[in-house]
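Number of protein chains: 2
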Amino acid sequence: MPNALPSPIKKLINEFTKLPGIGEKTAARLAFYLLKQSKEELGIFSKTLAELKEKIVRCSICQNIAETDPCPICKDSNRDKSVICVVGEPLDMVALEGTSEYKGVYHVLGGSISPVEGIGPDQLKIKELQNRVEKGKDKIKEIILANNPTLEGEATAMYIAKLLKPLNIKITRIARGLPVGGDLEYADEVTLSNALKGRKEY
Amino acid sequence: MPNALPSPIKKLINEFTKLPGIGEKTAARLAFYLLKQSKEELGIFSKTLAELKEKIVRCSICQNIAETDPCPICKDSNRDKSVICVVGEPLDMVALEGTSEYKGVYHVLGGSISPVEGIGPDQLKIKELQNRVEKGKDKIKEIILANNPTLEGEATAMYIAKLLKPLNIKITRIARGLPVGGDLEYADEVTLSNALKGRKEY
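The listed protein sequences derive, respectively, from chains A and B.
Read in order, the letters of the first sequence correspond to residues 1 to 202 in my numbering.
Read in order, the letters of the second sequence correspond to residues 1001 to 1202 in my numbering.
Read the hints as simulated data drawn from the structure, not as lab findings.
Each hint should be verified, as a subset may be incorrect.
[As the list claims (entries may be wrong)] List of simulated lysine-lysine pairs, DSS-like, C-alpha gap at most 30 Å:
| hint | chain 1 | residue 1 | chain 2 | residue 2 |
| --- | --- | --- | --- | --- |
| 1 | A | K11 | B | K1010 |
| 2 | A | K55 | B | K1018 |
| 3 | B | K1025 | B | K1039 |
[As the list claims (entries may be wrong)] Facing chain A, a subset of chain B residues (Cβ under 7 Å, in silico):
| hint | residue |
| --- | --- |
| 4 | A1004 |
| 5 | P1008 |
| 6 | E1015 |
| 7 | A1028 |
| 8 | L1030 |
| 9 | S1046 |
| 10 | E1067 |
| 11 | E1097 |
| 12 | I1119 |
Because the structure is a prediction, the values reported are computed rather than measured.
Cβ atoms here follow ideal geometry from the backbone N, Cα and C, with glycine treated the same way.
Could you put together the complete structure from these sequences and hints?
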């Protein structure tokens, strides 16, 4: 940004550009938008940012972020503790919760195995999953691997499947196929091939 | 966002969605990105936000936001005070400064006349421009109307041109035509017609 801008704005633009997917132009638009807001509004935003990490802990059971340990889902007596759904990130869990279909519990790995980014199994909560499953072996009926359908997600799912195999618990992988509203014409080959392989009888 | 998320994150997502062009998914992505940052980083961001308005004043000459009054440009003895470039927003001025071609001073209106949004001449710094030009009449040689080439910008430029006409100062409007890198094939009719009308001899 040229020197023509006052430094408090330049600083805020700089902070915004650190965020993923936000370039200099978007950052400037956001900063100028905020400049038009009241001091109270800015104060609330500022306080929310400062307090973000203060009230958040990690659930010692599912490794998800939460305000309490155990988290509300792990504490909920209505959830089926015999099914564990393994996801990469907290938002993946949020997406699954959005379906209101799943009544089991979760395990949040904190990402996917990605040698390119230097993320190995040790950087994820895989050891914690292993311990959790070993301890609850008698009560756990199924482990659903809901890792992302990406290269990294598939690799992570495969790694976990191998790791947990000796425990003799049913391990499943979420279905891969054509998304609702998708178009065969525009689907990539791997998705189409998955859709064919996973076909079901009417 | 579903209730599955801890409230500090939900609050931050909520703050982000208030910003222009940021939907719930982007807001969630930003909030989770920030959750991974250190407390220090968050503290700096938070402080920058809180202090945004504290150190910013309005330049009493050009009406632009600045850290000092008059602003660095109005104070600069190397700038040509006899040419005033009228722009809508501070970022328009920043864009013009980016060309390093303009050596005059500015007047920032704070927007464009837009009856739809309830913005009339009184909500803009037009009165201030009029006073400024009237006071400096003998020294001012040209007023460049660099309002946006939108309906609202054109209306604002026309309004100002009419208002200042009695003062008998040269009033110009920035050229409208095809942008560099543009393609005739995809240009709209008005732009093309402007490009034709504004043609120049080699």
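The hints, checked one at a time:
1. A:K11 / B:K1010: holds (25 Å)
2. A:K55 / B:K1018: Satisfied, since the Cα-Cα distance of roughly 22 Å is no more than 30 Å.
3. B:K1025 / B:K1039: holds (23 Å)
4. A1004: Constraint on A1004 of chain B satisfied, holds at 4 Å.
5. P1008: holds (5 Å)
6. E1015: holds (5 Å)
7. A1028: holds (6 Å)
8. L1030: holds (5 Å)
9. S1046: At about 4 Å, which falls below the 7 Å cut-off, the nearest Cβ of chain A leaves the hint on S1046 of chain B intact, so it holds.
10. E1067: holds (5 Å)
11. E1097: holds (4 Å)
12. I1119: With a closest approach of 13 Å, the I1119 of chain B hint is violated.
The earlier numbered hint that this structure contradicts is number 12, and it is the only one.
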